[in-house]
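Participant: Residue strings, one per chain:
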Amino acid sequence: MKIAVLSGKGGTGKTLVSVNLAAVSDQAVYVDCDVEEPNGYLFLKPQNIETEIVSIPIPQVEESLCTGCRKCVDFCKFNALAYIGNSLVIFEDICHSCGGCVTICPEKALTEKAKEIGVVKKGTSDNVMVLSGMMNIGEASGIPIIKKLLKNESLDDSLTVIDCPPGSACTVMESIKDADYCILVAEPSIFGAHNLNLVVELVRLFHKPHGVILNKCLDGVNPSEEYCKKNGLHIIGSLPYDKELGTMNAIGLVAVKESQQYREIFTGLLQAVVEEVGHEATSNT
Amino acid sequence: MKQLLILSGKGGTGKTTVASAFIRLSHAKAYADCDIDAPNLHLVIHHESPAVSSDYYGLPKAEINPDKCIQCDQCQSACRFDAISKSNQYNQYIVDPFSCEGCGVCELVCPVDAILLKPAIAGELILYKNDTIFSTAQLKMGSGTSGKLVTEVKRQLKLDSEHVDLTIIDGSPGIGCPVIASLSGVDMVLVVAEPTISGISDMERIIKTATNFRVKVAVCINKYDVNMKNTEKIMEYCHKHDISYAGIIPYDPDAVKAINQGLSIAELDCAAGRAVREVYDKTADLLSRV
Amino acid sequence: MRIAIPVDQNTKNTDVCISFGRAPYFMFFNTETKETIFVKNEAADSQGGAGIKAAQTLVDEGADVLLTPRCGENAAVVLQKAKVKIYKTLSGSVQDNLVAFENGKLETLDEIHPGFHGHQEEQK
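Chains as they are written, first to last, in this note's numbering: chain A, 32 to 316; chain B, 9 to 298; chain C, 5 to 128.
Hints are computed from structural coordinates only; laboratory data are not their basis. You can take every hint at face value.
Label pairs and their in silico Cβ distance ranges:
1) A:K144 with B:L124: 24 to 34 Å
2) A:E81 with B:Q100: 39 to 49 Å
3) B:Q84 with A:N167: 25 to 35 Å
Beta carbons are placed, not taken as given, at the ideal position from N, Cα and C, and that holds for glycine.
Isolated chain A, as found in the complex (with noise of 0.2 Å):
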């Protein structure tokens, strides 16, 4: 069972939630997809890691078959190449690895070499094998690493809790997109309901079965609370806006380690999100 969890920002408690229904359950695979800003490993403190190196294909030009045709720089959508003074000039960085280049050659001047662009980290904390990505700064994009840590085997036969991107850009589309569940995490704001909108969009699009944590939750109006209700979207539970909770949080501990108050709200939460999948299951067959 694939459990995603998403939030139109950061900073509303998605990585709290992700870590601690991970941290909770019997055994279960933690995976962080936020690989430009990834947080998870800091609370769950893996041991034993396996690191791989993620690389993604990129251009490089044998010069004594170019003949300055500049082919290759007219078909780049990128602008990632360059012809000057008799010689290509290939800006890796830039490069987005689609091939063409390689394809439109016809000197069968360039070939292609590996460009590391991160890491894959695999790790186990307790009764949570947590997998985390990385993404070297200044690289375009991270969807070669989240697509490497979803294929992960282990993934299969678990209960998985994937910790999402903020936002609703394209790696958070890619982190869902074997999802059997969604989690949206809201906060009690304007712009937390504002922001909710997007993500519920975005799941919508991807027919996910989803529920929404009401986090931090204050007394008095609660905006994303009514837009739940407004919009007709399931409310798994809620967490109280709890100054211990997150001093806990600010300094890197899982708070079903550190109270038995959030062990019960966390394993109720669980058994909500597994019972709505189960119905999800049935309604479904």
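For chain A, the structure is supplied; the task is to place chains B and C on it using the hints.
Facilitator: Frame of chain A; chains B and C shown alone:
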């Protein structure tokens, strides 16, 4: 004309909260929201004038003409982004517009010219204009390459605000393309930091990014009382790296109340509102010396 | 000598454009023939790598000198390889800058800013 950019690293640190307060306190005549993925500034800074929208074209997307397609599968094999698949339901090859990066390889390899790259709308550029100018945009869901849209937001702002003394820009979260696009040409960056492990890590990365652009950086700490130890760490970091320190704002439930009423914290009498005034005064002073 | 300047409009009394890579036009002034031509910058609409494509245009048009307020590192790689000298413009019109250049008043542009995909690791 001075340009102040407000950044944070991660969302949720209070960037828009601070930006909106600054706009009110400075009576700035021109401002922009460069968080084009999830723009929020308009929720607290209201405009009566209607918005003028224009389409923003991003990367073109490939389209397969099923009448010409001979289903040779060359496009699917050549696509590096898994954007082409065969729909069994319709018995035709289709392009997933969310995965398509507009590289043109499928168009190149198709033996029967059944594929064309077509312009695709990737967002909407929005301008509010009466006695103040507010430039913003909304990126379409799933789009990439948002750096260019941010550049458009800034260009739109500049076109109409040449005689304005101060422009304030609410920046994008993160350290990627859109942030770097927002950095060009600004006089000073105010980083809104939060005293948590992830907050500090992100703050360091955003400061490095900004200083690479040789832009003056100042830091303020929001919700500082959530963790005094981390707050001190941030202050030490600023001192050690010779970064201007603009002050602190306490966690304040009244701040959320203000925002939820569509007001900036400067318009409500509350602890956060009083603190942001001091941060503003310090920032304005630093900006005047740049 | 062919001098290139990024400009906002394709008229001689235009101002220098604040951007190099996304300037709508480039003006080319030939100091020998005193001829001025304008070339549309195809890079302005690019999603990325605009500086590279703009610099390629300059190289293809035979520019010897570029007067610009700013230049990104990718464009700078192209221009430096083509031995195009880069000078920093002063605020004001194109004509003011051409005069300043001929009088030796313009300084070389030393501050090359990082590309939009972040090259922080390469900063020395």
